[in-house]
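Colleague: Could you build the full structure based on these sequences and the hints that come with them?
Residue numbers (numbering that gives the first Met the number 0), protein chains in the order written: chain A, 0 to 286; chain B, 0 to 286; chain C, 0 to 286; chain D, 0 to 286.
Note that identical chains are pooled: a pair holds if it fits in a single copy or bridges any two copies.
No more than 30 Å apart at the CA atoms, straight line, and that leaves these computed lysine-lysine pairs for DSSO-like:
{"id": "1", "residue 1": "LYS254", "residue 2": "LYS281"}
{"id": "2", "residue 1": "LYS281", "residue 2": "LYS84"}
{"id": "3", "residue 1": "LYS254", "residue 2": "LYS111"}
{"id": "4", "residue 1": "LYS254", "residue 2": "LYS84"}
{"id": "5", "residue 1": "LYS111", "residue 2": "LYS98"}
{"id": "6", "residue 1": "LYS98", "residue 2": "LYS150"}
{"id": "7", "residue 1": "LYS84", "residue 2": "LYS111"}
Derived from the structure by calculation, the hints contain no laboratory data.
Protein chains: 4
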Amino acid sequence: MPHVSDTATLLIACPDQPGLVAAVANFVAGNGGNITHADQHVDAEFAVFFQRVEFELAGFSIPRDDIATRFAPIAEQFGMSFQLKFSDEVARVAILVSKASHCLVDLLARGKNGELPARIELVLSNHADHADIASFYGVPYHHLPVGAANKGEQEARMLALLAHTRIDLVVLARYMQVLSAEFVAHYPRRIINIHHSFLPAFSGGRPYHQAYVRGVKIIGATAHYATADLDDGPIIEQDVARISHRETVDDLMAKGRDLERVVLARAIRYHLEHRVLVYGNKTVVFA
Amino acid sequence: MPHVSDTATLLIACPDQPGLVAAVANFVAGNGGNITHADQHVDAEFAVFFQRVEFELAGFSIPRDDIATRFAPIAEQFGMSFQLKFSDEVARVAILVSKASHCLVDLLARGKNGELPARIELVLSNHADHADIASFYGVPYHHLPVGAANKGEQEARMLALLAHTRIDLVVLARYMQVLSAEFVAHYPRRIINIHHSFLPAFSGGRPYHQAYVRGVKIIGATAHYATADLDDGPIIEQDVARISHRETVDDLMAKGRDLERVVLARAIRYHLEHRVLVYGNKTVVFA
Amino acid sequence: MPHVSDTATLLIACPDQPGLVAAVANFVAGNGGNITHADQHVDAEFAVFFQRVEFELAGFSIPRDDIATRFAPIAEQFGMSFQLKFSDEVARVAILVSKASHCLVDLLARGKNGELPARIELVLSNHADHADIASFYGVPYHHLPVGAANKGEQEARMLALLAHTRIDLVVLARYMQVLSAEFVAHYPRRIINIHHSFLPAFSGGRPYHQAYVRGVKIIGATAHYATADLDDGPIIEQDVARISHRETVDDLMAKGRDLERVVLARAIRYHLEHRVLVYGNKTVVFA
Amino acid sequence: MPHVSDTATLLIACPDQPGLVAAVANFVAGNGGNITHADQHVDAEFAVFFQRVEFELAGFSIPRDDIATRFAPIAEQFGMSFQLKFSDEVARVAILVSKASHCLVDLLARGKNGELPARIELVLSNHADHADIASFYGVPYHHLPVGAANKGEQEARMLALLAHTRIDLVVLARYMQVLSAEFVAHYPRRIINIHHSFLPAFSGGRPYHQAYVRGVKIIGATAHYATADLDDGPIIEQDVARISHRETVDDLMAKGRDLERVVLARAIRYHLEHRVLVYGNKTVVFA
Numbered sequence: 000m001p002h003v004s005d006t007a008t009l010l011i012a013c014p015d016q017p018g019l020v021a022a023v024a025n026f027v028a029g030n031g032g033n034i035t036h037a038d039q040h041v042d043a044e045f046a047v048f049f050q051r052v053e054f055e056l057a058g059f060s061i062p063r064d065d066i067a068t069r070f071a072p073i074a075e076q077f078g079m080s081f082q083l084k085f086s087d088e089v090a091r092v093a094i095l096v097s098k099a100s101h102c103l104v105d106l107l108a109r110g111k112n113g114e115l116p117a118r119i120e121l122v123l124s125n126h127a128d129h130a131d132i133a134s135f136y137g138v139p140y141h142h143l144p145v146g147a148a149n150k151g152e153q154e155a156r157m158l159a160l161l162a163h164t165r166i167d168l169v170v171l172a173r174y175m176q177v178l179s180a181e182f183v184a185h186y187p188r189r190i191i192n193i194h195h196s197f198l199p200a201f202s203g204g205r206p207y208h209q210a211y212v213r214g215v216k217i218i219g220a221t222a223h224y225a226t227a228d229l230d231d232g233p234i235i236e237q238d239v240a241r242i243s244h245r246e247t248v249d250d251l252m253a254k255g256r257d258l259e260r261v262v263l264a265r266a267i268r269y270h271l272e273h274r275v276l277v278y279g280n281k282t283v284v285f286a
Numbered sequence: 000m001p002h003v004s005d006t007a008t009l010l011i012a013c014p015d016q017p018g019l020v021a022a023v024a025n026f027v028a029g030n031g032g033n034i035t036h037a038d039q040h041v042d043a044e045f046a047v048f049f050q051r052v053e054f055e056l057a058g059f060s061i062p063r064d065d066i067a068t069r070f071a072p073i074a075e076q077f078g079m080s081f082q083l084k085f086s087d088e089v090a091r092v093a094i095l096v097s098k099a100s101h102c103l104v105d106l107l108a109r110g111k112n113g114e115l116p117a118r119i120e121l122v123l124s125n126h127a128d129h130a131d132i133a134s135f136y137g138v139p140y141h142h143l144p145v146g147a148a149n150k151g152e153q154e155a156r157m158l159a160l161l162a163h164t165r166i167d168l169v170v171l172a173r174y175m176q177v178l179s180a181e182f183v184a185h186y187p188r189r190i191i192n193i194h195h196s197f198l199p200a201f202s203g204g205r206p207y208h209q210a211y212v213r214g215v216k217i218i219g220a221t222a223h224y225a226t227a228d229l230d231d232g233p234i235i236e237q238d239v240a241r242i243s244h245r246e247t248v249d250d251l252m253a254k255g256r257d258l259e260r261v262v263l264a265r266a267i268r269y270h271l272e273h274r275v276l277v278y279g280n281k282t283v284v285f286a
Numbered sequence: 000m001p002h003v004s005d006t007a008t009l010l011i012a013c014p015d016q017p018g019l020v021a022a023v024a025n026f027v028a029g030n031g032g033n034i035t036h037a038d039q040h041v042d043a044e045f046a047v048f049f050q051r052v053e054f055e056l057a058g059f060s061i062p063r064d065d066i067a068t069r070f071a072p073i074a075e076q077f078g079m080s081f082q083l084k085f086s087d088e089v090a091r092v093a094i095l096v097s098k099a100s101h102c103l104v105d106l107l108a109r110g111k112n113g114e115l116p117a118r119i120e121l122v123l124s125n126h127a128d129h130a131d132i133a134s135f136y137g138v139p140y141h142h143l144p145v146g147a148a149n150k151g152e153q154e155a156r157m158l159a160l161l162a163h164t165r166i167d168l169v170v171l172a173r174y175m176q177v178l179s180a181e182f183v184a185h186y187p188r189r190i191i192n193i194h195h196s197f198l199p200a201f202s203g204g205r206p207y208h209q210a211y212v213r214g215v216k217i218i219g220a221t222a223h224y225a226t227a228d229l230d231d232g233p234i235i236e237q238d239v240a241r242i243s244h245r246e247t248v249d250d251l252m253a254k255g256r257d258l259e260r261v262v263l264a265r266a267i268r269y270h271l272e273h274r275v276l277v278y279g280n281k282t283v284v285f286a
Numbered sequence: 000m001p002h003v004s005d006t007a008t009l010l011i012a013c014p015d016q017p018g019l020v021a022a023v024a025n026f027v028a029g030n031g032g033n034i035t036h037a038d039q040h041v042d043a044e045f046a047v048f049f050q051r052v053e054f055e056l057a058g059f060s061i062p063r064d065d066i067a068t069r070f071a072p073i074a075e076q077f078g079m080s081f082q083l084k085f086s087d088e089v090a091r092v093a094i095l096v097s098k099a100s101h102c103l104v105d106l107l108a109r110g111k112n113g114e115l116p117a118r119i120e121l122v123l124s125n126h127a128d129h130a131d132i133a134s135f136y137g138v139p140y141h142h143l144p145v146g147a148a149n150k151g152e153q154e155a156r157m158l159a160l161l162a163h164t165r166i167d168l169v170v171l172a173r174y175m176q177v178l179s180a181e182f183v184a185h186y187p188r189r190i191i192n193i194h195h196s197f198l199p200a201f202s203g204g205r206p207y208h209q210a211y212v213r214g215v216k217i218i219g220a221t222a223h224y225a226t227a228d229l230d231d232g233p234i235i236e237q238d239v240a241r242i243s244h245r246e247t248v249d250d251l252m253a254k255g256r257d258l259e260r261v262v263l264a265r266a267i268r269y270h271l272e273h274r275v276l277v278y279g280n281k282t283v284v285f286a
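Modeller: Right, dumping it as structure tokens:
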């Protein structure tokens, strides 16, 4: 969505109660803001209220550096947790990848075409294969081999590189190494993984082989936040494709690559446009 | 969505301007209302604002008969057109049908199962075939044959029956007669038609034959409000199914029936839950 | 597909080897038969060959009662197992159903409209609720209550009714009782169940609740042959629908009903048109 | 599908008549060939028979250079037109592209990853923008500006380059210039275009704008053989994506890009694996 001017986005979660929408709307309208997008959701089971409000900074009477402070009393009154984001802050993204390059290449091309509201700052891989394409797109590439012997050390090096580059979002673009709970804890809800199955079906390794053996008629791909429990984090996006008995495991993998690319790119975009709220193990996606 | 109590729903359209969300939210919250669902949309091209706000009547301090009057000043201030609906007002629906019964039978069964928030009060047909199934579901059935000679007269009889039964919504469930502009004008945006193609492709007659001849790989169905220009009204819902060269016209028609049933039922539910706003020749569907 | 004349269908499975297609084609062509549909598949992993050949009986020089005998030497030569079916033999179907009636009503309507190549001969239910609709369609209805105390006895009564009515195919149209291995063994690959999830995800009870808790973005339905291991039999057909955080468990169940109806009807049609071959725990569906 | 050995593929079309399948199967089996894939289709309307037979060259007693000659008498007997293709003959592909690079980049990456059974030999563009990415993948790039004044001349230069490079297949990967009938005539059924709509809906220019104005709920993309009549050639593949009122024209274009990439790649693969037969204005795709 093209914006006439830069915008601020409030992402809010709190216990459901009367007056929430009015309080936030008054804060924006009372300070001269124009809401360009607003969406809310009440989870009836847990009585939690979620809201996303995006408004133009042009004409807003509160300086951007003071908006959070000025909103804090409203947040306190209703017990809100909130995030405040600005559309001109471009996120810094790192991509982790192993052998298969299809998601990496797709994301690099999207980055260059302006299809992702982000800068890809870093590519890390346990293989050397993708240095040339990263270089073509002008993105630093680090080859960090990993084995049973150096796993902790390799993760430490990756964390150092991520920290040094001030990365906001880590994308596991078919990174086939299991990350430790410690690693994941450094980027809570800021690591997005693409799993090559329609989770929760076929979690674990070699999902296309599992799908082939089970004889399903539809395969899928799932983008989710990484958590300590592998393949179990909050799902952001999924998609599927129909298959038949004619298709071999290789055919499933080929169809799967097309799903993985699109599902991962969509999930990253939702995250970067501040459209995703996590609660428990689920997401609200204000798409 | 099950409601703890009865609700009121405001459907609003007006020129986009700052303060709209706050004004409506304050009206609800300031009178003790609890918003259970709210959604809004700004059409950037025409600068039109659309909103759907649903709130609980329990605890709301304005008597339901006075809500519209009390909201009127706000509407006037912002140049809003608005509708006010109550969840305990069950819509009265008439179904028009010709030879093919699959949509009729599906809707009657949904009506009985509580899958449609409506009472089916009337079935009108230019054929006698469906009297028994209508009777099974306890719905009056009128056989009104039509030909070139009596078209005006038959429409007049249908209009009389619709008026006498105080029908809110007319559903064309594969009614294969072209309705006159005069007929349609009696129920603006209150006649829903199911067209058996993915409009605007294959408008007009025999769309499955057209699709077969053109060799498309996907067919569809479209539910839309009927307008004087056939097949050209605002689209409410569409869906599609993949086909192959193996499928004959009869196969397309069979697959199409499954699409038509579901697409028509979805569109009717959106309309009856007051989720649809029409502007120009398009719809906003707050699904 | 409408046939000019009645047809015979050969369904063949055997070890893959050169000359199979030629041998079968020569058998048909050499006896004056015209093939109207042929499809084959080789499972590369197990080196098994599958074939479906449908040919017109008109002009075929072997009397229909002798075809199997005359084909037997070819079958023996190649180690084939085969089935021979005639298009004018209409299958006899029984439907088992519990409380939810949407699949039952859908199948009865399809049966009447000629959308299923079968006669529905029997409806069995552990509830009394659906006697009226079965009666409307002229199908005998048996109410067979079941509890822990009489489970064996109830199954025995069902088996007796199925046998007495010479049922070819048993459809579990949301029949919520677990059938014993003994019961299933009476109708190997002739019981089709609709499971209200995208198997293997959410096997077991209350799948829509499971899907809601897991926060998936897509739900599904699966039609499969019933085996002794619940929800684990060969999958015939699946389909899916997109959902969002807005949807409650009730909404998932409503969307699911639309999937279940269509997926179950498709699987039954594939089976009745002799398009399904089972090997191991998978199916070949010559759709 | 990975093959143990190289294969030959026969693509056959002829008037439907008894004995066709047997004749072809005998030709293969009688010469020691093993069929790895066979599929056939009869168009009932036109009584035309189509077949695709793929068999292993290893063990086949006829030298590959003599296969066509030896098959000719069978073809003559049944009035067949046929093509004979070998799996080790890698097609030579040229890509024509204008400003938008998403399909070009996708195809180049697939080419490198072995996802396309072809060599991309040439990229031609009326813009200079994509020389760097073509160069990265080692593919010659020619910038051939075009305007009203030099259209004939530019086409002549393109034809010369295509001829000189002995191109088998021309891919219009969002090439936004209308090609003359003369140009198209040089490569009958060997030019594949991606149209950014669900044809026949929204043929012509700016289809995403048309879709936005019409208010459809689903958009699509169509890959088809180019013919003299623009957007009217035989359709090879289509796919669709759901949209809502929230999406701007830019959003439609972004979703569309994901469709276009996948639909075009699938159509190219079908063509290159000799899975497509054209008759009249339709295709049989033995997928």
